[in-house]
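Number of protein chains: 2
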Amino acid sequence: MARKSSLLKQTLIFSACTILIIYAFFNTFLSSSTAAATAGISAKTSSLFAEQISRENLEEFPVKVTGNDKKVRVFMYDLPKKFTTGIIESHALARGSSDLSKYPGSDPVYSDEKMQDELVEWLEEQEYWRRNNGRDHVVFAGDPNALYRVLDRVKNAVLLLSDFGRVRNDQGSLIKDVIVPYSHRINVYNGDIGVEERKTLLFFMGNRYRKDGGKIRDLLFQMLEKEEDVVIRHGTQSRENRRTATRGMHTSKFCLNPAGDTPSACRLFDSIVSLCVPLIVSDSIELPFEDVIDYRKIAIFVDTESSLQPGYLVRMLRAVSTEKILEYQKEMRAVKRYFVYGDSNGTVNEIWREVAQKLPLIQLMINRDKRLVKKDSTEPDCSCLCTNQSAPITSL
Amino acid sequence: MARKSSLLKQTLIFSACTILIIYAFFNTFLSSSTAAATAGISAKTSSLFAEQISRENLEEFPVKVTGNDKKVRVFMYDLPKKFTTGIIESHALARGSSDLSKYPGSDPVYSDEKMQDELVEWLEEQEYWRRNNGRDHVVFAGDPNALYRVLDRVKNAVLLLSDFGRVRNDQGSLIKDVIVPYSHRINVYNGDIGVEERKTLLFFMGNRYRKDGGKIRDLLFQMLEKEEDVVIRHGTQSRENRRTATRGMHTSKFCLNPAGDTPSACRLFDSIVSLCVPLIVSDSIELPFEDVIDYRKIAIFVDTESSLQPGYLVRMLRAVSTEKILEYQKEMRAVKRYFVYGDSNGTVNEIWREVAQKLPLIQLMINRDKRLVKKDSTEPDCSCLCTNQSAPITSL
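Residue numbers (UniProt numbering), protein chains in the order written: chain R, 1 to 396; chain S, 1 to 396.
Careful, some of the hints might be misleading.
Okay, derived cross-link-like pairs now, DSS-like style, lysine-lysine, Cα gap no bigger than 27 Å in a straight line [what the hints assert, rightly or not]:
1. R:Lys324 <-> S:Lys370
2. S:Lys324 <-> R:Lys374
3. S:Lys215 <-> S:Lys226
4. S:Lys297 <-> R:Lys374
5. S:Lys374 <-> R:Lys297
6. S:Lys82 <-> S:Lys114
7. S:Lys330 <-> R:Lys370
8. S:Lys324 <-> S:Lys199
9. S:Lys215 <-> R:Lys374
10. R:Lys330 <-> S:Lys370
11. R:Lys211 <-> R:Lys114
12. S:Lys226 <-> S:Lys324
13. R:Lys370 <-> S:Lys336
14. S:Lys374 <-> R:Lys324
15. R:Lys297 <-> S:Lys114
16. S:Lys297 <-> S:Lys330
17. R:Lys370 <-> S:Lys82
18. R:Lys199 <-> R:Lys226
19. S:Lys297 <-> S:Lys199
20. R:Lys370 <-> S:Lys215
21. R:Lys374 <-> S:Lys211
22. R:Lys370 <-> R:Lys226
23. R:Lys336 <-> S:Lys370
24. S:Lys336 <-> S:Lys199
25. R:Lys370 <-> S:Lys297
26. S:Lys370 <-> R:Lys215
27. R:Lys330 <-> R:Lys297
28. R:Lys211 <-> S:Lys374
29. R:Lys215 <-> S:Lys211
Distance windows between CB atoms, simulated [unchecked claim]:
30. R:Asp152 <-> S:Ser238: 50 to 60 Å
31. S:Lys370 <-> R:Tyr110: 41 to 51 Å
32. S:Lys370 <-> R:Glu323: 19 to 29 Å
33. S:Arg168 <-> R:Glu323: 26 to 36 Å
34. R:Asp170 <-> S:Ser321: 34 to 44 Å
35. R:Gly342 <-> S:Pro380: 38 to 48 Å
36. S:Thr387 <-> R:Glu127: 17 to 27 Å
37. R:Glu127 <-> S:Arg130: 45 to 55 Å
38. S:Thr387 <-> R:Ser344: 30 to 40 Å
Hints are computed from structural coordinates only; laboratory data are not their basis.
Virtual Cβ for every residue (Gly too), placed ideally from N, Cα, C.
Bound-form chain R, shown alone (with noise of 0.2 Å):
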């Protein structure tokens, strides 16, 4: 049973991340004039919605962003069955049974790509969405691999994304995105800061082999494992594994984050709650929330050159003081609330007021697109905001 719940559970945040269930749009703030967003939900986003008003075909929810006395107001598509529920339901009749335990991708009748493709094309029918070209919507795509078939089309709207990994320059940018942290997946650390028993000083536990930017983890654990004070463990998603992790991430230091098969990984969301420093060797990592908060006050950052000389990460670790691992452990603890999706001042708030900072500019982008006349240039007409900064090797 509670296995079955388990699974269930993933199926349910499979299909929120994958096939984005539920999309909302909203009038702002904003003097004599309308937005809109489509937004991605899950049991997680409901605390979120203190009132519900019904309307023709949409659902109003009032959005109280923290801290902002600014009005958003948030609608919601009254979607077809069958892109949300339906997706659980027609797979257990396929298989002739109410099992719901297994990945509807298990499903020979069930296609994901078909899915995606046809949530498009109602979405592409709606009212609110063709007035803006989705610019005034708001998507949840946070598995890497969500909406992969048709994010072209929906690429206009605000996508709630982990990172850019597999989402083209001209897809998802920070400027138009917002990066959205995985839930974490083991449990909360409760205790207090300290060192005393945190004894090992870099812990990691997760699949060894993977693609992309993540094939520097095999090369990674060949050096670190030999090491006395260092625990490497490959393993997969299980219960067993998840409470061994947790026992890792509660006796440690630091908590090594390399990059997964794209930049960003649940890992580093469960370090945080674990208040084990994360190391991140990930290059183009983007991290949610970056501009309330400074990573360099509670993450080690460093490249992933420097990362494979030998000796360097562990040299380096057991050179931080304990006082400013405490330091570490301290900002982790203030930030916590930023990554727990239940906080009722957590993730979901957070998410809304990062997409409520963008509506001016959706705005004018708007309003921009609809007076311009064609230009005799071949060049994309972008927007930019760059970094020059000689980047260093470590952030410590």
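Given the coordinates of chain R, work out where chain S should sit on it, guided by the hints.
Leaving out everything else, chain S in the frame of chain R:
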């Protein structure tokens, strides 16, 4: 005397635009973090600063952003006198006269380029500038030539610009910067909306010959000046010409706004305060406050190529109904305050509102810059927002 005062005003405007007179930096409303800005200021901005608190080498001005209870703290550098009134004084001394009525540029002793260099050298020595490489500063560079020599050294800042005519893509963008209106030069039309007193179909007065995009002017005028209900006058800035322009704009239905040396021109704002519907022929124009102003409601946009087709413009304008013109005029009256620097709820407040809206993104870039590690990529690290509209040839 009247002439002298007018020229002195021009001198001051010139100085303010070209040399960016004053800086400020400000603490933001963002939790536990500090942002800063350099603010260009002229007599126009003083209405904003209700209260003034002196600090060491800095002055703090609490900024009240209209319709927003977020507190933005603006600090302003106490600039060495040589960068402010000193320019005018040294100019007058060099000429052995107390006549302040000439442009400093006519003085062989004064070098605008040298002044730009010295100003940026001074700035780069300031602790607050160095802290974030100027990202949290605001620089007023409204004149198309302002700071042209040192733009690369201040490009991290929020630039207050008239357009991006002489600004490279990596120096300025809609994301980072704020488009500000020119001061209107002719009198506000205080009469009622209506077309009875507006017998002229289309009016233009200004320089027939301009550089770059403005070359279209001569072509357009050759075509238009033979039309009976169109008034095209060549004329440079003078008291008499401004009187003629005022009369023309107050008695015409439409006012032509072709590109000048750069895509924008002060004439647009003259048209708006005259309730004379702007006919904009300037494909790369950028417009102030476009997040809250839908310019299709107050202006007609035509692409350059179409505008040069014989008869196209007048045929189009003659077909616009009186009802539609009244709608345009009503909208212009509603947004007029955005273009009046002297209005206590006008341009200056709106500029600060736009700057304040950029703070989260500024803070994100500041935090991100500092934790970035070097990458194995030669591509510039840019975040962009692009337009992919298939633009029509006119907004009408």
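Hint numbers not upheld by this structure, sorted from lowest to highest = The structure breaks hints 15, 17, 22, 29, 33; every other hint is satisfied.
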